[in-house]
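Engineer: The opening residue of the sequence shown carries number 389 in our numbering; numbering runs sequentially from there.
Among the clues, some could well be false.
Listed next, the in silico DMTMM-like pairs over lysine to aspartate or glutamate satisfying Cα-Cα at most 20 Å (straight line) [as the list claims (entries may be wrong)]: (1) Lys448 to Glu423; (2) Lys522 to Asp505; (3) Lys402 to Asp453.
No lab work stands behind these hints: they were computed from the structure.
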Amino acid sequence: MAKDYKIFISHSWKYPDDLKNLRNLLNQRGYFNVEFQEASQEEPINSANAAYIKQVLKSKILNSDVVLAISGIYASYSDWIEWEVLTSYNNSIPIIGVAPWGQERISKTVTDYSVVDVRWNTESIVEAIRTHAK
389 MAKDYKIFIS HSWKYPDDLK NLRNLLNQRG YFNVEFQEAS QEEPINSANA AYIKQVLKSK
449 ILNSDVVLAI SGIYASYSDW IEWEVLTSYN NSIPIIGVAP WGQERISKTV TDYSVVDVRW
509 NTESIVEAIR THAK
């Protein structure tokens, strides 16, 4: 029986296509079951209160088997991505850095804490999840 993976994807709200495309990539992979934990434009946390948002996100991160951190260079300038990565790291949730399609430079914010960094390739991402998920 295939394992179901609970995955939190750390992403930038300014680049929603990266999140959507990564979700689609994993959903289309046969024999790989995934449940996404993060907030998205389709499933937002309806609050402007940063403390409340962090509380909800931390719960989602702690409920995850692994965190995929989209590691575009923009992640180095996002306080939220940094907070999600540090929350994951400090709670022993494995972090996999995923370089967005076609990007050469990736975020040091992510690579400093990731157990592995992979390119935008279905098999590389799935293998990293299977290897490092708790």
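Engineer: None of the hints should be skipped; say for each whether it holds.
Structural biologist: So, going through the hints one by one against the coordinates:
Between Lys448 and Glu423, the direct Cα distance comes to roughly 11 Å. Compliance with the 20 Å bound is thereby established for this hinted pair. Distance check on the hinted pair: Lys522 and Asp505 sit about 17 Å apart at the alpha-carbon level, within 20 Å; holds. In summary, the hint linking Lys402 to Asp453 is not supported, as the alpha carbons are separated by about 25 Å, beyond the 20 Å threshold.
In summary, the structure is inconsistent with hint 3 from the numbered list given earlier, while agreeing with all the others.
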